[in-house]
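S.K.: From first to last, the protein sequence lines stand for chains R and X. Residue numbers for the first sequence follow this note's numbering, so the first one is 1 and each next one is one higher. Residue numbers for the second sequence follow this note's numbering, so the first one is 298 and each next one is one higher.
Careful: at least some of the hints might be erroneous.
Where chain R lies over chain X, by a calculated footprint (3+ residues, C-beta under 8 Å) [said to hold, decoys possible]:
1) 340 to 351
2) 468 to 481
With a cut-off of at most 20 Å between alpha-carbon atoms, the simulated EDC-like pairs for lysine to aspartate or glutamate come out as follows [stated by the list, open to error]:
3) K405(X) <-> E372(X)
4) K480(X) <-> E159(R)
5) K368(X) <-> D58(R)
6) K477(X) <-> E254(R)
7) K358(X) <-> E56(R)
8) K156(R) <-> D478(X)
9) K469(X) <-> D420(X)
10) K477(X) <-> E159(R)
11) K505(X) <-> D294(R)
12) K480(X) <-> D169(R)
13) K370(X) <-> D58(R)
Read the hints as simulated data drawn from the structure, not as lab findings. Ideal placement from N, C-alpha and C gives every residue a C-beta, glycine not left out.
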Amino acid sequence: MWNLLQIELYKISKRPRTYIAFAAISAIVGIFQFAFKADGQSYMNLILQSVQDSFELDKSKAINGYFMCYIILNTLLIQVPILVALVAGDAISGEANMGTLRLLLTKPISRVQIIGVKFAASVIYTLGLLVWMAIMALFLSLLIFGADDMLIFRVKGDESQILQITKDDIMWRYFAAFGYAAVALTVIAALALLLSVFAENSIGPIIATVCIVIVCTVISNINVPIIDNNVKPWLFTSYLVGWKGFFYIGTTEEGVPIKGSIENWPAIRNSLNILLAHIVILLGATMYIFKKKDILS
Amino acid sequence: MKITVSVFFLLLAGHFAASAQDINALVLKAKQKIDKVNDYEASGRMKTNVTFLKVPVANVKVYFKRPNKLKVKSEKGVSFIPKGAVSINVSSIIGTNDYTIIDAGTDKIGTTNVRVARLLPNDDNSDVVLSTVYIDEVNNLILKAKTTTRDNGSYELEMTYGKYAAYGLPDKIIFSFNTKDYKLPKGVTFDFDDGSKPAATEKSKNKKGRAEITFSSYTINKGVAESVFL
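Sequences are here, hints too, so could you generate the full structure?
M.R.: Laid out in structure tokens, this is it:
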């Protein structure tokens, strides 16, 4: 099994498309960091427009490494599913396209094992992407912008809020958020792998995965009560941004943040469970379908 | 009968004249106390209470230099400092002599009887339209001040005095001010909808903000560098 995984990882590492994701993340993070270093004040002016009349704020302190990472993740974690699909969508269909799938199945390995290994390799690739994102978005940003308290701009119900987290209370939240993101992106990997079983070239499952993610994300962001109540809870995309929950700090009745607290841990735990259920169902379906499938290529 | 009425009005006029003198003297006494301070540097903890702002209690330093330079700085971390913080200093309200004092009677703050004085600026272009100060006439201390400005809304100060009362410097100051509603477009933030809604009580709150500074120490008349106020 370990040998199979090594072979699978070797195959992934030899494909040029694998590195597109790492290059894309580097480019996006680099552009963000350059833009904020050059003119981050304008962004802060825009976002704090209505507060500036009443309060003074040292914006240079507010634009720090922790804040930068949050802003970058806010943008990137919506696009990263596309990058995950690039590799996971190719896992089975790529073999079928090259005509190596039948050859692979002649080996004394069960089909369930093959899917298990392909899935494990996709997860390792996803984790690699997240580690790279953490290095670029968090640690490099801390190096460039320094560390300070972090401001979170958030809409809760009909109200906009500004939350402040002290700098000694942030790092564990990032570790938790990256852990959550790993689970969320694994759902995408499982979805792409499932679609990959049906196709004989990589383009189809990759595009199909991206389309599903885009459509579901759009629906998840439509603020209409009938969709909010009946459709959103069933879409995995509604839970992809759950990592932010770790940054919604709990407050006292007077609105003072409580260090080390999370405002709504049950909601995060519930989201995690739903995502894990998606992984189990998608992976189970992939194994079942692949086991029954008549392999002709 | 005519003589009786004349005497009554004379006495009434005399009473108002005496009362006006009293209030002028009282404001002057409170001012004299404050005038002992040329500059100070104070350390304190600031608690901000605004509906949309969830910020921790901040350690702040307050710098003051006569006539009306005042700066509130956070010792570490990011801090939202109320912009009308200049009003945190009573000296900026009664520091100048360019106002007319009107006696507005008496009132009570807690258990303390206070005299109320309305200060009308003589300068037509002054940003301050009206200040009302509540003076403890036993200790010659301003316990409360309300200021209405032309462009920056109205502010309210409540002060509690302790060991620096001799200089007219409070141990605790509560600064109330008007805030605008904060609105962030939902599409910009891609928030995680955890199903929770803001507390119902928060919605009914008016748009008044509150900053509370509890001072731990003052360094008085030891000089404050100009660069602090830049």
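S.K.: Determine for every hint whether it applies to the structure shown.
M.R.: So, going through the hints one by one against the coordinates:
Counting residues of the stretch 340 to 351 of chain X whose beta carbon lies closer than 8 Å to any beta carbon of chain R gives 7, which reaches the threshold of three, so the coverage claim holds. Restraint check on the stretch 468 to 481 of chain X versus chain R: 8 residues with Cβ-Cβ distances below 8 Å, three needed, restraint holds. Between K405(X) and E372(X) the alpha-carbon distance is near 36 Å, which puts this suggested pair outside the 20 Å criterion. Of the supplied pair hints, the one linking K480(X) and E159(R) holds, its CA atoms being roughly 7 Å apart against a limit of 20 Å.
Among the hinted pairs, K368(X) with D58(R) is consistent with the structure: their alpha-carbon atoms are about 13 Å apart, no more than 20 Å. For the proposed pair K477(X) and E254(R), the alpha carbon gap of about 19 Å is at most 20 Å, so the pair holds. Taking the CA atoms of K358(X) and E56(R), the gap is near 15 Å; set against the 20 Å cutoff, the hint holds. For the hint pairing K156(R) with D478(X), the CA-to-CA distance comes to about 14 Å; that is within 20 Å, so the pair holds.
For the hint pairing K469(X) with D420(X), the CA-to-CA distance comes to about 31 Å; that exceeds 20 Å, so the pair is violated. The hinted pair formed by K477(X) and E159(R) meets the criterion: a straight-line CA distance of about 13 Å does not exceed 20 Å. As the CA atoms of K505(X) and D294(R) are separated by approximately 70 Å, the hinted pair breaks the 20 Å bound. Restraint check for K480(X) and D169(R): not satisfied, since their Cα atoms lie roughly 26 Å apart, outside the 20 Å limit.
Restraint check for K370(X) and D58(R): satisfied, since their Cα atoms lie roughly 10 Å apart, inside the 20 Å limit.
Hint violations for this structure: numbers 3, 9, 11, 12, all remaining hints satisfied.
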